[in-house]
Amino acid sequence: MADIGRVRIRVPSTIRAGDVVRVRAMVLHPMERLERDAQGKIVARAYNYVNRVVVTYLGKTVVAFDTTQSVSENPHFTFAFKATDPGRLTVAFHDTAGGTYEESVEIKLA
Amino acid sequence: MTHGEGMSRRQALAILGAAAVAAGSPRAAGAQAPPALGAPEPVAHALKRVFGNRQIRDGASAIKLDVPLIAENGAMVPVSVEVGATPSPVKHVYLVADRNPVPIAARITPAPGGPLQAGLNLRLAETGDVRAIAELADGTLLGVKREVRVTVSGCAA
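Taken in order, these protein sequences are the chains called U and G. The first sequence begins at 1 in the working numbering and counts up by one. The second sequence begins at 1 in the working numbering and counts up by one.
In case anyone wonders, no lab produced these hints; they're calculated from the structure. C-beta atoms are modelled at their ideal positions from N, C-alpha and C, and glycine is treated no differently. A hint or two may mislead.
Unchecked claim - Pair by pair, the computed Cβ-Cβ distance ranges are:
1) Thr14(U) with His45(G): 41 to 51 Å
2) Ala46(U) with Arg149(G): 30 to 40 Å
3) Ile15(U) with Arg149(G): 34 to 44 Å
4) Ala38(U) with Glu126(G): 15 to 25 Å
5) Ile15(U) with Arg57(G): 12 to 22 Å
All chains should be built: construct the whole structure from the sequences, respecting the hints.
So, in structure tokens, the structure goes:
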């Protein structure tokens with residue numbers, strides 16, 4: 001997974017002040033599954049998966065997700081926020097291996 | 001020779017000691033941090049661990065949970081949740097997949113007063129209920145559940 005941690009964010013092309021904007025964000029991440037040994041017992045080890053996603057807009061957190069291994073590989077997240085002022089929307093993904101992958105988009109109001 | 005042996009024993013003990021400290025410290029830090037959200041456990045345990053003995057009331061009037069009726073690929077099942085007017089503000093929304101080895105899939109924390117519309121894709125190991133449980137600021141729990149039929153297991157997590 002050379003591309004691990006690549007983040008993509010999609011926002012609507014036009015946003016007006018006061019709109020509740022739906023955003024879609026994804027990260028390329030393997031979200032390691034639980035492994036089982038030959039007896040079917042779960043192998044206890046440190047699995048690498050995204051366990052926290054934080055979305056900030058104008059410096060304030062608008063939504064946070066705490067996630068577990070029950071979330072798909074290359075997870076997509078959708079969320080909504082109220083666009084009040086032009087500014088930066090940042091989505092940061094944190095995984096259990098200590099990695100942080102973030103990307104931001106400039107929110108411009110039409 | 002004996003001297004050399006003694007040294008190596010001492011070194012070995014020092015290494016073991018250092019390893020024990022190294023292994024011990026993250027555990028100590030983990031004890032202070034809130035318990036992990038997900039663990040391999042049956043769903044009843046998971047709900048009890050997270051919510052204690054609080055009753056989950058029917059939240060069909062406030063929560064809209066959107067899941068497919070049939071998920072052809074259990075590895076990627078889009079789920080979205082929207083919470084409307086509730087008697088007190090929403091603190092968290094939990095997404096729970098009853099039949100998964102790790103039943104608690106996600107906890108969504110909205111900004112106070114912000115809109116709560118969120119979605120993500122889950123892995124579903126087998127056919128079973130998916131629940132959304134909203135925890136309100138006053139401690140009330142509202143839940144809804146929908147069954148998802150899984151054609152190919154997400155074999156998972």
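Hint check:
1. Thr14(U) with His45(G): 41 to 51 Å: 48 Å, holds
2. Ala46(U) with Arg149(G): 30 to 40 Å: Holds, since Ala46(U) and Arg149(G) (Cβ atoms, about 33 Å apart) stay within the stated range.
3. Ile15(U) with Arg149(G): 34 to 44 Å: 38 Å, holds
4. Ala38(U) with Glu126(G): 15 to 25 Å: 21 Å, holds
5. Ile15(U) with Arg57(G): 12 to 22 Å: 37 Å, violated
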